[in-house]
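There are 2 protein chains.
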Amino acid sequence: MSPTRHKPYELFYWPGIPGRGEYVRLALEEAGAPYVDVAREREGGMDEMTELMEAGGNRRPSFAPPFLRDGRLVVGQVAAILFYLGPRLRLAPKSEAGALWTHQIELTITDFVAEAHDVHHPVGVGLYYEDQKKEAARRAEDFRSARMPKFLDWFEAVLEANGATKTKPHLVGRSLTYADLSLFHTVDGLLYAFPKASARLLRNRPLVAALHASVRKRPRIARYLESERRQPFNESGIFRHYPELDR
Amino acid sequence: MSPTRHKPYELFYWPGIPGRGEYVRLALEEAGAPYVDVAREREGGMDEMTELMEAGGNRRPSFAPPFLRDGRLVVGQVAAILFYLGPRLRLAPKSEAGALWTHQIELTITDFVAEAHDVHHPVGVGLYYEDQKKEAARRAEDFRSARMPKFLDWFEAVLEANGATKTKPHLVGRSLTYADLSLFHTVDGLLYAFPKASARLLRNRPLVAALHASVRKRPRIARYLESERRQPFNESGIFRHYPELDR
Numbered sequence: 001m002s003p004t005r006h007k008p009y010e011l012f013y014w015p016g017i018p019g020r021g022e023y024v025r026l027a028l029e030e031a032g033a034p035y036v037d038v039a040r041e042r043e044g045g046m047d048e049m050t051e052l053m054e055a056g057g058n059r060r061p062s063f064a065p066p067f068l069r070d071g072r073l074v075v076g077q078v079a080a081i082l083f084y085l086g087p088r089l090r091l092a093p094k095s096e097a098g099a100l101w102t103h104q105i106e107l108t109i110t111d112f113v114a115e116a117h118d119v120h121h122p123v124g125v126g127l128y129y130e131d132q133k134k135e136a137a138r139r140a141e142d143f144r145s146a147r148m149p150k151f152l153d154w155f156e157a158v159l160e161a162n163g164a165t166k167t168k169p170h171l172v173g174r175s176l177t178y179a180d181l182s183l184f185h186t187v188d189g190l191l192y193a194f195p196k197a198s199a200r201l202l203r204n205r206p207l208v209a210a211l212h213a214s215v216r217k218r219p220r221i222a223r224y225l226e227s228e229r230r231q232p233f234n235e236s237g238i239f240r241h242y243p244e245l246d247r
Numbered sequence: 001m002s003p004t005r006h007k008p009y010e011l012f013y014w015p016g017i018p019g020r021g022e023y024v025r026l027a028l029e030e031a032g033a034p035y036v037d038v039a040r041e042r043e044g045g046m047d048e049m050t051e052l053m054e055a056g057g058n059r060r061p062s063f064a065p066p067f068l069r070d071g072r073l074v075v076g077q078v079a080a081i082l083f084y085l086g087p088r089l090r091l092a093p094k095s096e097a098g099a100l101w102t103h104q105i106e107l108t109i110t111d112f113v114a115e116a117h118d119v120h121h122p123v124g125v126g127l128y129y130e131d132q133k134k135e136a137a138r139r140a141e142d143f144r145s146a147r148m149p150k151f152l153d154w155f156e157a158v159l160e161a162n163g164a165t166k167t168k169p170h171l172v173g174r175s176l177t178y179a180d181l182s183l184f185h186t187v188d189g190l191l192y193a194f195p196k197a198s199a200r201l202l203r204n205r206p207l208v209a210a211l212h213a214s215v216r217k218r219p220r221i222a223r224y225l226e227s228e229r230r231q232p233f234n235e236s237g238i239f240r241h242y243p244e245l246d247r
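Protein sequence lines correspond, in order, to chains A and B.
Just so you know, we're using the numbering used here here: the first sequence kicks off at 1 and counts up by one.
Just so you know, we're using the numbering used here here: the second sequence kicks off at 1 and counts up by one.
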């Protein structure tokens, strides 16, 4: 199946932030697959998204965006969407073991991203950051000193065990997978949110740093990052830059 | 493939708590599949587990337990393990769409479980509960009043959209899947940790309550729950009963 002949995929996600939708966008962009970012690009797209999230409008409603529609199939949860797209976009190994391992890495990225988010929302997602600044300061310290190093060490070890080099820094096998794209974006987000801590930690994780640099230079990704389709990080998203939380 | 003729699966997880390992155990138990709970049952099992988590001992090390070994394959992350076991234990639909949907539900359970955990550890997993009691009290309020209802409403809606009834309360299709087992255990954990809030909320989610009651009565699950293989909930695990956090 050639992705360019495929009917456009429909991605449903909140406009205004890269958010979790960005992990799906990067895979579609790298593959050059046709897609519509429904809530941003289609008139009435927001209503369409809301309707699909209600059990009345969809027998299999997602708990939250993003979700992807491909013909009659609707799939939610970033890692599940990427597991579905992986073989279709040639961004995952074909073997069951290879596909599962790529998925396992993605699920660990998911955990890391959730923790990065919770730094600024340790008490509750329904409250403003301003109402939990004290708690966030404590959580940020733990995140910078314990969690970030632990996760980054694991990715560095996975790269090393895979025989990755600075010129070929892949998490799985010898070519790019969606897990590489997702780790790229996560590191990008950390560099935005915690520039001091991230720069310091990346100095001792050369393979993770090389992966981040090399994905950014891929022709389709580079063009995408320059385009208006790429939304900048901001303080409504997962990765937020509050200077008081960085050190 | 008959599970009973299969070489025993090897489950690696911390002894002493049901924890995330329990989601895998319940699937293996319901299927009557042979398995070894390595760190609990095998001499030197803890060392074996530690070794497999290091990149030196395993080209594909898991970030954290649980992980499962099936012959040469090692897979970590609960949802990925269950995705792998699902068709093998006849606890998931065979179609790609059905398997993905079951997985998507499991991933949403994963998110719910992580939030239930973070109630008692809002500031950092490396700190004791005693050092974050004030923050935990705020987070617990948000969890009881906003997050628990939101997640439970979603499961109730999924059950309803699937045509579930009080006598056949399944999340997917007409028979039991690992997602049913996982929701059972999650509700069980919530009833332990937040007995007041859970009882109150379940009163208005009759299908979720029926699912919980019906899984508990399945012959193999009932025998398992009575056995020594089932470890009780306690205050070292995910679901902890701190009376001050319940209301």
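Calculated from the structure, these hints are not laboratory results.
Accuracy of the hints is not assured; some may be wrong.
If several chains are the same, the list does not tell them apart, and a pair holds so long as it fits within one copy or across any two.
As a list, the in silico SDA-like pairs of lysine to any residue whose alpha-carbon atoms are at most 20 Å apart [to be verified]:
hint, residue 1, residue 2
1, Lys7, Ala209
2, Lys150, Ala114
3, Lys166, Gly44
4, Lys133, Pro195
5, Lys168, Ser227
6, Lys166, Asp70
7, Lys7, Pro149
8, Lys150, Gly126
9, Lys166, Arg203
10, Lys150, Pro219
11, Lys150, Gly56
12, Lys94, Tyr84
13, Lys217, Gly32
14, Lys196, Tyr242
15, Lys134, Gly16
16, Lys7, Pro93
Structure-based check of all given hints:
1. When the C-alpha separation of Lys7 and Ala209 is checked against a cutoff of 20 Å, the pair qualifies neither within a copy, at 36 Å, nor between copies, at 42 Å.
2. For the identical chains of this complex, Lys150 and Ala114 are neighbours both inside a copy (15 Å) and across copies (18 Å), given an alpha-carbon limit of 20 Å.
3. In the homo-oligomer, the alpha carbons of Lys166 and Gly44 never lie at most 20 Å apart, since the shortest distance is 45 Å inside one protomer and 38 Å across protomers.
4. In this homomeric assembly, Lys133 and Pro195 come within 20 Å of each other (Cα to Cα) only inside a single copy, at 19 Å, whereas the closest approach across copies is 30 Å.
5. In this assembly of identical chains, Lys168 and Ser227 lie within 20 Å of each other by CA distance neither inside one copy nor across copies; the values are 26 Å within and 51 Å between.
6. In the homo-oligomer, the alpha carbons of Lys166 and Asp70 never lie at most 20 Å apart, since the shortest distance is 36 Å inside one protomer and 33 Å across protomers.
7. Within a single copy, Lys7 and Pro149 get their C-alpha atoms no closer than 42 Å, and across copies no closer than 38 Å, so neither meets the 20 Å cut-off.
8. Taking the shortest Cα distances, Lys150 and Gly126 sit within 20 Å of each other only across copies (12 Å), while inside one copy they are farther apart (28 Å).
9. In this homomeric assembly, Lys166 and Arg203 come within 20 Å of each other (Cα to Cα) only inside a single copy, at 13 Å, whereas the closest approach across copies is 57 Å.
10. Taking the closest pair of Cα atoms, Lys150 and Pro219 never come within 20 Å of each other, the shortest separation being 31 Å inside a single copy and 42 Å across copies.
11. With identical chains, the CA atoms of Lys150 and Gly56 are at most 20 Å apart between copies only, with a shortest distance of 17 Å across copies and 43 Å within one.
12. In this homomeric assembly, Lys94 and Tyr84 come within 20 Å of each other (Cα to Cα) both inside a single copy, at 12 Å, and across copies, at 15 Å.
13. Only within a single protomer do Lys217 and Gly32 lie at most 20 Å apart by alpha-carbon distance; the minimum there is 15 Å, versus 51 Å between protomers.
14. Taking the shortest alpha-carbon separations for Lys196 and Tyr242, only the intra-copy value of 12 Å comes in at or below 20 Å, while the best inter-copy value is 37 Å.
15. In this assembly of identical chains, the alpha carbons of Lys134 and Gly16 never lie at most 20 Å apart, being 27 Å within a copy and 34 Å across copies at closest.
16. Neither within a single protomer nor between protomers do Lys7 and Pro93 lie at most 20 Å apart by alpha-carbon distance, with minima of 23 Å and 26 Å respectively.
Consistency with the previously given hints fails for numbers 1, 3, 5, 6, 7, 10, 15, 16, ordered from lowest to highest.
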